[in-house]
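Asker: On the provided structure of chain Y, position chain E as indicated by the hints.
Heads up: the sequence lines are chains Y and E, in that order. Taking the working numbering, I'd label the letters of the first sequence as residues 202 to 685. Taking the working numbering, I'd label the letters of the second sequence as residues 725 to 1025.
A portion of the hints provided could be inaccurate.
Stated by the list, open to error - Listed next, the in silico SDA-like pairs over lysine to any residue satisfying Cα-Cα at most 20 angstroms (straight line):
hint : chain 1 : residue 1 : chain 2 : residue 2
1    : Y       : K621      : E       : W843
2    : E       : K730      : Y       : G464
3    : E       : K730      : Y       : D396
4    : E       : K872      : Y       : L402
Claimed, not checked - With beta-carbon atoms standing in for the labels, derived distance ranges:
hint : chain 1 : residue 1 : chain 2 : residue 2 : range
5    : E       : L868      : Y       : G505      : 37 to 43 angstroms
6    : E       : S758      : Y       : H466      : 56 to 62 angstroms
7    : E       : P859      : Y       : N390      : 44 to 50 angstroms
8    : E       : S758      : Y       : L224      : 57 to 63 angstroms
9    : E       : S785      : Y       : L627      : 40 to 46 angstroms
These aren't lab readings, by the way, just hints derived from the structure by calculation. Nothing here was measured: the structure is a model prediction, and the numbers come from that model. Note that the Cβ used here is the ideal one computed from N, Cα and C, for glycine as well.
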Amino acid sequence: MLFNSIEFLIFIPIVFTVYWFILNKSLTLQNLFIVIISYVFYGWWDFRFLGLMALTTLLSYLSGLLIKKFSSNRARQKLVSTLNVLINLGILGYYKYFNFFAESLEELLISIGYKPDWITLDIILPVGISFYTFQALSYSIDVFNKKIEPTRDIVSFFAYVSFFPQLVAGPIERATNLLPQFYKKRNFNYTDARDGLRQILWGFFKKMVIADNCSQIVNEIFSNYQNINSSGLFIGGVLFAFQIYGDFSGYSDIAIGLAKLFGIHIMNNFNFPYFSRNIAEFWKRWHISLTTWFRDYLYIPLGGSRLGKYITIRNTMIIFIVSGIWHGANWTFVIWGLYNALLFLPLLLANKTKIHKESIAYNRFFPSLIEIVQVLFTFFLVVIGWIFFRSSSVDVAFDYISRIFSFEIFEIPHIPGSKKILFYSLFSIFFMLVFEWSCRTKQFGFDIKAIIRNRKVRWCVYILVIWLILELGGTQQSFIYFQF
Amino acid sequence: MNNFLKELFLFFMLLAISLFMLIGFFYYIFGEISYKIPNDKNILIIGDSHTECSIDDSIFSRSVNISQSGTPYYYSYIKLKKFMSENKSIDTVLLSIHPGVIGKSIDSVWVYNSNNITWKVSSVFNLIHKTDFEPFLFNIDFYLAFLKIPINNIQTLSQLLLSKQFNYKSTNIGAYNKNLNNNLKENLKKINNRKMDDGEIINPSLIQREYIERIIRFCNDRNTTIILISTPVYNPNRFYNPNIVINYLKDINLKIKLSDYSRLPLDDSCFADISHLNYKGAQMFSSYLNTNGIIITNEIQ
Chain Y
202 MLFNSIEFLI
212 FIPIVFTVYW
222 FILNKSLTLQ
232 NLFIVIISYV
242 FYGWWDFRFL
252 GLMALTTLLS
262 YLSGLLIKKF
272 SSNRARQKLV
282 STLNVLINLG
292 ILGYYKYFNF
302 FAESLEELLI
312 SIGYKPDWIT
322 LDIILPVGIS
332 FYTFQALSYS
342 IDVFNKKIEP
352 TRDIVSFFAY
362 VSFFPQLVAG
372 PIERATNLLP
382 QFYKKRNFNY
392 TDARDGLRQI
402 LWGFFKKMVI
412 ADNCSQIVNE
422 IFSNYQNINS
432 SGLFIGGVLF
442 AFQIYGDFSG
452 YSDIAIGLAK
462 LFGIHIMNNF
472 NFPYFSRNIA
482 EFWKRWHISL
492 TTWFRDYLYI
502 PLGGSRLGKY
512 ITIRNTMIIF
522 IVSGIWHGAN
532 WTFVIWGLYN
542 ALLFLPLLLA
552 NKTKIHKESI
562 AYNRFFPSLI
572 EIVQVLFTFF
582 LVVIGWIFFR
592 SSSVDVAFDY
602 ISRIFSFEIF
612 EIPHIPGSKK
622 ILFYSLFSIF
632 FMLVFEWSCR
642 TKQFGFDIKA
652 IIRNRKVRWC
662 VYILVIWLIL
672 ELGGTQQSFI
682 YFQF
Chain E
725 MNNFLKELFL
735 FFMLLAISLF
745 MLIGFFYYIF
755 GEISYKIPND
765 KNILIIGDSH
775 TECSIDDSIF
785 SRSVNISQSG
795 TPYYYSYIKL
805 KKFMSENKSI
815 DTVLLSIHPG
825 VIGKSIDSVW
835 VYNSNNITWK
845 VSSVFNLIHK
855 TDFEPFLFNI
865 DFYLAFLKIP
875 INNIQTLSQL
885 LLSKQFNYKS
895 TNIGAYNKNL
905 NNNLKENLKK
915 INNRKMDDGE
925 IINPSLIQRE
935 YIERIIRFCN
945 DRNTTIILIS
955 TPVYNPNRFY
965 NPNIVINYLK
975 DINLKIKLSD
985 YSRLPLDDSC
995 FADISHLNYK
1005 GAQMFSSYLN
1015 TNGIIITNEI
1025 Q
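With the rest of the complex left out, here is chain Y (with noise of 0.2 angstroms):
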């Protein structure tokens, strides 16, 4: 079921009153029926891949018990944790990357001269396979590191795995964060609510807005790219910034304030990465929670930078490069992690990564000149890694990119398709970076309570960006990140 979908429109009311007019009374009623409406939010898009999730969150809450029962011997421990990754990397990487390692290596063998007769499964990817087998897995892992106590509550555990605000696209739960506020009874918040819809709203606006009307002119210029000249290309890869921050971050708006609205909180995902002045702090911005789940999943456990120079760059090219992988099997995530690890690499061994502790523009409205330069080049190196992510294979992007390396940058840019759309798309752009650089600050880039004291004039506020959804909203589009 998607957000955006009048499916959901009805979903939504009706879960809310049977929660918490119905439910209230009992925890576990409540957390059932949790999993059994993200079971069926779930199934909505294919009820088959439900019992591949079922099956992934049982193995990681039997694998918790395991490791209790083991506390006295460490070495089943490492046994059964081991084989929970392995047996879910092995589903994961089954569903998501056979296809991708079996053609690569018939490509291999052809180019050696030898004509395999290779056989490619035509294999469905499951939605959000990779949200909810990470989540999972950090469960198993956590228990194993002593960090959470394992949990003989099925229920909450399958609420945890299932939870549907968060469970096809992220933000990928912490089982510390999240499996601890099943185990509690929910108390309805009224600020919580209120800041929920508030998000939700933004996350709305984020998506049906701008993503989805920039979408339509990004796939004109990208299927057609040859025939466009470099300043519009170079638009194109602009607007696919915007699409892809509109629709990742708009879905996790809406995840975290739905979550809200059911008295859960789940962390923050994006933080206003489009404002950072170096990639480091771009990244420190920018799915935080699979870059925090990569940092300390991997990236510590491979010894982080405390081991010299040598296994730090190897450490954070891994670290790229699998969270590259991570996002589909194609050599454009690989180039494109490969890209931002290049990027990276000279800040961390220059000691820079954490220069930016602050937001930009810190206790001032206006940034400085320097600032607006940064925070431009570094858009700029964010924008040509895009161009990888969005092309359709790695020639596509190289050439594409070259193309926008002429003396047409300086030209009036060639944009196909409706320029109306064009006009609502660089609009509702403007619009966006205004009310997020007004909340820089703040939790997310609607949370106006602080910036506009007047409950009449906020209101108002609601009504024309409601008003903007429906006016200017484009044509509904899945969301980039459920492929993933």
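Answerer: Here is chain E on its own, set in the frame of chain Y:
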């Protein structure tokens, strides 16, 4: 919880009122529009891009062309009712027909396509009566399209208010489209390998058929001559099988007049693509109509 629900209710009430007022404002302004055509015009041309691009009503001087690309017969019917009610001078209606608009495939491309619904509803929203809701009664896109009336008509609204001429010509209802394209070669390249459909029977779109019948009956009831017109196409021997339309019309249990100009010989430079005339072709075809009148090629019982 009670406070939250009260505020939520109040907020949604305010939102609904604001939307109602916004859309109501458009209804009010568009309600002032006149659909009156000059008294010396007696032919109304309705339909899709084929007639939109082919008949220049400044040349075919007795006609008014309100065709628009992508228009299913449902919207042509709505426009027809309004123009007929305001203009007693109309005695002939030309309605575009070709194989592309009668098959089932048009349902997903035009009739029930959400983008097309939004566009079309926005252009005729003030002409839609409650009785016209019937085919879209359970279509959510149709209702959502009404929410898009303000954004899709903001330009028209400003034109109406600035010019103070509340005339249908300032709206998006449809008009002759001077097509400057000359994409015939590219079009031919693209469809080089496409074979013409050899079958002469088409699986019809039910809603298109329903509304073509309504249009014919509506005109018959008012003693208005209704003529279905097929405009010239490029290389008709390859790209146009007239029997598809004729067989389709035979299935409709009404007397129908067909003017099939698909085989009217025109130079390649007259075509925007294989099925649409450009401005040059429109000039020639419109002059031809103006000089020779509308020739009925088939009378179907």
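Asker: Taking the hints in turn, state whether each one holds.
Answerer: Results for each hint:
1. Y/K621 x E/W843: 13 angstroms, holds
2. E/K730 x Y/G464: The given pair, whose Cα atoms are some 19 angstroms apart, holds under the 20 angstroms limit.
3. E/K730 x Y/D396: Holds, because 16 angstroms separates the two Cα atoms, which is no more than 20 angstroms.
4. E/K872 x Y/L402: 19 angstroms, holds
5. E/L868 x Y/G505: 37 to 43 angstroms: For Y/G505 against E/L868, whose Cβ atoms are near 51 angstroms apart, the range 37 to 43 angstroms is violated.
6. E/S758 x Y/H466: 56 to 62 angstroms: 59 angstroms, holds
7. E/P859 x Y/N390: 44 to 50 angstroms: Holds - the Cβ-Cβ distance for E/P859 and Y/N390, about 47 angstroms, lies within 44 to 50 angstroms.
8. E/S758 x Y/L224: 57 to 63 angstroms: Holds, since E/S758 and Y/L224 (Cβ atoms, about 59 angstroms apart) stay within the stated range.
9. E/S785 x Y/L627: 40 to 46 angstroms: 44 angstroms, holds
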